[in-house]
Structure formats: structure tokens, C-alpha cells
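Starting from the known structure of chain A, fit chain B onto it as the hints suggest.
Going line by line, the protein sequences match chains A and B. Taking the working numbering, the leading residue of the first sequence gets 1, the next gets one more, and so forth. Taking the working numbering, the leading residue of the second sequence gets 265, the next gets one more, and so forth.
No lab work stands behind these hints, which were simulated from the structure alone. Please note that a few of the clues may not be correct.
What the hints assert, rightly or not - Below, a list of computed lysine-lysine pairs in the DSS-like style, where the Cα atoms sit at most 30 Å apart:
| id | chain 1 | residue 1 | chain 2 | residue 2 |
| --- | --- | --- | --- | --- |
| 1 | B | 722 | A | 111 |
| 2 | B | 424 | B | 722 |
| 3 | A | 166 | A | 111 |
| 4 | A | 72 | B | 424 |
| 5 | A | 111 | A | 72 |
| 6 | B | 656 | B | 722 |
The primary structure of each chain is shown beneath.
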Amino acid sequence: MEHYDASQRELPRPELLGEQTLLACPRAGTETIWERLPPLRTDARRLALNRIVTTTSRPNPAHAAFDIIRTKLLQELTQHNWTTVGITSPTAGCGKTVVALNLAFSLANQKECRTILVDLDLKRPQLANTLGIEAPQPLARFLMGEIDISDVFLRHGNNLAIGANKQTVSFSAELLQSRETVRVLEEMRQRMSPHVILFDMPPMLSNDDVLAFLPHVDCAILVAAAEQSTLDEVDVCEQELSERTNVLGVVLNKCRFSPEKYGY
Amino acid sequence: MNGADVRFYTSILMRRSPYLAAITAAVLAIAVAVAFVLPPVYRASAKILVEAPQIPADLARSTVAIQAVQQLQIIRQEITTRNDLLKLADKLEIYAPSKEPPADEDIVNDMRSRITFEEIVLGAPDGGPTASVFSVAFAAAEPVLAAEVANELVDLILFKQQQQRTGRAAETVQFFNQEVARLGLDLNLIEAEILKFKNENSDTLPDSLEFRRNQQTSRQERLISLEREESDLLGKRSSLAESYALTGQLPDGEAATPEQQMLLQLNRALADQLAIFSETSPNILALRRRITSLQETLQGRQAQEAQASSKKKRHSTFDLQVSYIDERLRAIARERAAITESIGALTKSITATPASETVLNSFERNRANLQTQYNTAIARRAEALMGEKIEKRSDGGRFSILERATPPESPETPKRFRIALMGAVGGVGLAVAFVALLEFLNGTIRRPVELASMLGHKPIATIPYISTAEENRFAIRRTVAAVLPAAAVPALLTAIHYLYLPLSVMAQSAFGWLAAMG
Numbered sequence: 001m002e003h004y005d006a007s008q009r010e011l012p013r014p015e016l017l018g019e020q021t022l023l024a025c026p027r028a029g030t031e032t033i034w035e036r037l038p039p040l041r042t043d044a045r046r047l048a049l050n051r052i053v054t055t056t057s058r059p060n061p062a063h064a065a066f067d068i069i070r071t072k073l074l075q076e077l078t079q080h081n082w083t084t085v086g087i088t089s090p091t092a093g094c095g096k097t098v099v100a101l102n103l104a105f106s107l108a109n110q111k112e113c114r115t116i117l118v119d120l121d122l123k124r125p126q127l128a129n130t131l132g133i134e135a136p137q138p139l140a141r142f143l144m145g146e147i148d149i150s151d152v153f154l155r156h157g158n159n160l161a162i163g164a165n166k167q168t169v170s171f172s173a174e175l176l177q178s179r180e181t182v183r184v185l186e187e188m189r190q191r192m193s194p195h196v197i198l199f200d201m202p203p204m205l206s207n208d209d210v211l212a213f214l215p216h217v218d219c220a221i222l223v224a225a226a227e228q229s230t231l232d233e234v235d236v237c238e239q240e241l242s243e244r245t246n247v248l249g250v251v252l253n254k255c256r257f258s259p260e261k262y263g264y
Numbered sequence: 265m266n267g268a269d270v271r272f273y274t275s276i277l278m279r280r281s282p283y284l285a286a287i288t289a290a291v292l293a294i295a296v297a298v299a300f301v302l303p304p305v306y307r308a309s310a311k312i313l314v315e316a317p318q319i320p321a322d323l324a325r326s327t328v329a330i331q332a333v334q335q336l337q338i339i340r341q342e343i344t345t346r347n348d349l350l351k352l353a354d355k356l357e358i359y360a361p362s363k364e365p366p367a368d369e370d371i372v373n374d375m376r377s378r379i380t381f382e383e384i385v386l387g388a389p390d391g392g393p394t395a396s397v398f399s400v401a402f403a404a405a406e407p408v409l410a411a412e413v414a415n416e417l418v419d420l421i422l423f424k425q426q427q428q429r430t431g432r433a434a435e436t437v438q439f440f441n442q443e444v445a446r447l448g449l450d451l452n453l454i455e456a457e458i459l460k461f462k463n464e465n466s467d468t469l470p471d472s473l474e475f476r477r478n479q480q481t482s483r484q485e486r487l488i489s490l491e492r493e494e495s496d497l498l499g500k501r502s503s504l505a506e507s508y509a510l511t512g513q514l515p516d517g518e519a520a521t522p523e524q525q526m527l528l529q530l531n532r533a534l535a536d537q538l539a540i541f542s543e544t545s546p547n548i549l550a551l552r553r554r555i556t557s558l559q560e561t562l563q564g565r566q567a568q569e570a571q572a573s574s575k576k577k578r579h580s581t582f583d584l585q586v587s588y589i590d591e592r593l594r595a596i597a598r599e600r601a602a603i604t605e606s607i608g609a610l611t612k613s614i615t616a617t618p619a620s621e622t623v624l625n626s627f628e629r630n631r632a633n634l635q636t637q638y639n640t641a642i643a644r645r646a647e648a649l650m651g652e653k654i655e656k657r658s659d660g661g662r663f664s665i666l667e668r669a670t671p672p673e674s675p676e677t678p679k680r681f682r683i684a685l686m687g688a689v690g691g692v693g694l695a696v697a698f699v700a701l702l703e704f705l706n707g708t709i710r711r712p713v714e715l716a717s718m719l720g721h722k723p724i725a726t727i728p729y730i731s732t733a734e735e736n737r738f739a740i741r742r743t744v745a746a747v748l749p750a751a752a753v754p755a756l757l758t759a760i761h762y763l764y765l766p767l768s769v770m771a772q773s774a775f776g777w778l779a780a781m782g
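Just chain A, same shape as in the assembly:
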């Protein structure tokens, strides 16, 4: 609740502060930074095609599910005073990116909540493709501290910044655990003061990117795809995650069997 109160206090007066006061006054700087982000232009049809359901108000069972995740997530984060959330899965194709995007848009619907979504799946970046946008700059350069936040992030509405990527990075794990990356991300967190930072991570079992980056996230969500992920995989990944960070839980994606049909 503390965060929300702060948002409500700060958001109404963004244009009063100049760019030069950024460092002196972080709150005002935050507003400026958010405002300076280029807007995200998306195609509704493209989003629908890529299973992004939370941008529209059309009733959809998945939409409700994402809202449930969002609410639970926010409650957990508030309770433990966490910010960063890693979204990963046992194997590729479980729908991490889709879950991350949907969750991000769902969070964005929460007007008081500032959310940042960063595509950290550097080997196979999917975020830009899923959104159907051109990434402004390679994310790797931002992580290396070469370019600024506004060069990389795009803004959706007022409270969602998306750091998409199109450039693959060979030594992604090394990059992710480099001190510079940690510093850049920490700086980003301070400057943009988001309530939630979602990291779209690579699959856990295919490489060590997740292991490398896990120490820098507060908690993690494991996305399991129904009829694709096995119980063993989920078990292994869950154990790995719980050894290194806090596990918010497992999300069962692509479930074709709905146990209860809530007439809504």
C-alpha cells in the first residue's frame, strides 16, 4: 500500500521538474525518465495473434488468470518488499514471454503501479517479435552501460516500460552475471523506481543464464506448460529455484483442461 500511496502522490505533477534536477530529486527524475521513454506502438491484431489478452477488455478466461497472478504477485511483493521478479520455465516454448507480457499488461492496468519488463532471454529474444515491434537498440549495450534507459525502453501507457531486444548475445550468461549489468539494472531500478520489474528469462534447463542471474532477483515464477513440461522437470527447476531465490510459485500455462468452469 505504501507504494501505491507514493504513486498517487507523485504522479500528478510530472511536468514541473526539469531534466537537470533528475539526480538531485529522484522522484521528480523518475517522472521525467518515464515521460521521455518513446511510446510503444502495438497492433491489436498482432497482439491478439500472439496471445496477448490483457491489453483488451474482452472477456477471456486467460485474462482472469493473469489478473489473479498479478494480484497475488503484487500482494507477495508488497508483503516482502520485493521488486524484481524472474519469469522462467523448464524448457523453451512454455510461454514465458507470453506470460510475462500478459502479466506486464495486466499490471499496467493497475494505474498506480509502475512496471518494467526486460527481455533477458538474450540468446533467443522473443519479446519484440511477440509485440510486433522493432527494438530501438540492442539490450546488451544497455546492460554493458553503453546506452541510456530511454534508448532501450518503450513506454506503454504511463506505467509500463518494456525493454525489448532483437540482438542475440553469445556470452549471455557472462553478461548477465557481470558487475556492470548488475550495476546498470540497479541504477535503472533507482532511477525509474518501479514497483515491479519483470525479467523475461531464458529456460532453465537449456543453459546457465538463469542460474547466473538468479541471485539478482527477489523472487521467481516458474512457468510450466501443460502437456509439455513433465513433473520431473518442474520438480528439478523448482528445487533449483528455491535453492537460489524465493519461489513465488508455478504457473500452469496452456492448460486445455479447465477443472472448473466458472460462469462469468
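The following block gives chain B in isolation, referenced to the frame of chain A:
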């Protein structure tokens, strides 16, 4: 299993419905194809009634005691022998349509597999002996042929049965004929032997024993009377001689002289004394001296008298009498000798009688045994003749045709509809099994319950599958793509059947090809 589980499994089946449809359709198509490809088999059957003997067994028994059912079993084996089957196949040209004549062994095996015997049980209400009905059936590709073969088989069975029963009856009669002849011969032999023995031992036969005993007794009596007569004659002669010596006269004419009388008295006394005293006793000696002196005196006087009256008439009468007595005595002696000999012979024959009786008895016993056997054989032969007559008139337990085989109108197999139905059921079963196996091998998470049971807590959320409009179209397309090949199989088979080559022909050529390969 609760409602959620049922819905879950239903949803799995629904999800796998393309598989289900495809497999079911494929199996069904194959089954239908098989059902239509299989050549039709017509089965014609004839019924044989096995009757009980028509003349009650109590009155006249058939000599063929074998049970009809048993007999049918034997006949069944008989007509399914290699030779009979080959003959039948040849006669009715069962294998004429096949291009190359199959091997004999194959014909026999095929025929055996196509012939079926079945007993139609007619349950008797009281569990007593029942009439039996047998059906003889034959399966063939053509109804007429099936009926022909079935009828031929029935005829063969009836013929065999008749042949067998009359043959058996005739055999029985023949056996008893031989038996009677043999026993008659034996009887003749033993009778001849008895006759010969009787002739040889006519003296010692037990029949005449009584007669011989009587004869012996009468002879002995005769002997005794002869002896008595002899002693009488001897006494008469001695008294005659004595009186003549004493008196010089015959006792009946002139009295004996006193010397003669004295001599007689002395002789008598001597005989008496000898019974008491020994030869050397003084009394005896004295008597003997007196007798001797008396005799000397008598002899001297007789010599004087003889000289004096040598031609005396009295003297000649005495001689006549003595000679008569002597003559009689000699005759008696002869008769006695004859009788004694005869008694000896009789005694011997009587003694030998038991031995010959024993021998004769044994002969008689043999003969009696043979006679009994002969009589029995004769009686049996009569029975056998009657039995044969019964069999000849086929009044014994016999088979009759209840119903001849008629060409069946519809083939027995294949039951095309049933095969197709089985194909459908089998296809569904196979499809469900396939899906079940798929699900069994599939270790993936399918529903949140599984995840919850593993993790110990429920997942944060379950996101239903988000389907796009394109995917919905694609799903339809995928279903169509799955159903199309399934539909294509029967379509293809149908097309081949009608456009290229009938499937049955193709199947046959395929079998032939396989056989050639094998």
C-alpha cells in the same frame, strides 16, 4: 473418480479424437474390406435320423448289437479316410475350378475341415434312450456344390451303414454255420469211436452185466446139482459093487453072502475107526487084517464060483449097470469141466466191466458235451438267421434321411455385417488403447491437480490455453487432415475395387504371391 476426473478423461478423449477417428476409420475400413474380400462360403446340411430297432429287441434281436451313435462315429471315421475323400472330391469335381489341382494331402485336409458332423440332441423327457438326429454339413463356395456334397456324404453314410449291418449279420450267420458243421463232424467222430469201442468190448459192456451175473449164478447152481448127482452115482455104484462082492448077487435080485455082508460091516467100521484113531492103532490094524482075510476068502470062493458059473446071467446084468453108471459119470465130468470154464469166463468179463464202463462213460460225456454245444449252435444259428433277415429288411436300428441338403440361399460366412461391426468395435478399442498408451507414456503435466500433488501446494494460477483465431481455423483444418486419410483408406479401397481390380481377385493373387514367396 469424481466429476472432474470424468470431465478430464472425456476432455482427453475429445482432444485425441482425431486419433480415435483415424484409427477407428482405418480399422473399420480394413474390416469392411476384409468382409467384402472374403469369399462367400455356403454350408448345406442334411439331417440323418438314427432310429431304434423297429422289431422289439425282446422278440427278435438283431445280431448287430452296436449302438447307432457308435456306429455313426465309426462311419464318420470311415468316410473321412483319405481314399474316400479323394474319391468324393474327384467324383463331384470339388477342386475342378482351381487352375492347378492341389496336392492330395491338401485336398484331404481341406475336405476334412469342410465336413462337419453334429449331433442334434433331442432331450428325452425322462432321460431314457432318445432318437438322435445328426446333421452332416459341407461348406463350399457354391451353394449347389455344397448341397451336392452333403447329399453325397449322406448317401455314403447310409450305404456304409447298410453294408456294415448286413455284413455283420451275414458274418454272424456264417460263423454259426461253421460252428454247427464243426460240431456235427466232431459228434460223428465220437459216435463212431463209441461204436467201435462197444464192438470191441461187447463182452464187458455194462449193459449185459446183469444178464451175465444171472448166467453165472445158474451155471453154479447147475454145477452143484451135477456134483450131487455124481456123488449119488458113485454111492450107487459102490453099493452095487459091494453087495455084488458080498453076495455075488445084485442087491435087487439075490441077497449077498454073509462074508460079503461082514466085509461091508468091517469096511464101515474101518471108516468109522479111521475118523477116531490113527492108521497104526491096534484096532485099525486088527480091522484091516480081518478085512484082508475076509476078502481073501471071498476072492477064493468067487474064483471057484467063477469057474463054476462063468456064463451066469446075473453077472452080465451087474456089468451092464456099472457100465451105465460109469458112462453117466463120465458125461457129468465133461459137463462140469465145460461149466467151470464158462464160469471162469463170466467172472473175468464181470471183473473187466467197470474198466470198460469208465472208458465208455468218458466217451459218453464227451458226446453229451458236444451234443449240448451242437444244440446251442443250432439255436444260435437260427437266431442269427433271423437277425440277418431283420438286417436285410433294414428293420434293425438304422439311419434314414430326415432331410436332404438343399442349396443354401445365403452364405454362412463371411458375416459381413458382423465382421464390419467387429472392425468398428475393434477400431474403437484399438484407438482408445492407443490413446491410453499415449497418455500412459506421456509424463507431462496435464492438469493443475497433478502439479499440486507434486509440489504440495496449488500453482499460483492456471492459465487456460489461449487460442487464436488462426489456431481455431487450424484446428478445424487439422481435424479435417486427420479424418481425410482415414476416409481416404475406404475410398481408395472402393476405387481399387471398382476401377482397377476387384478386391477378392486381388486378395487371391496376393495370397498366391505370398504362398509362392513362402
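Earlier hints that do not hold, by number: 2, 4, 6
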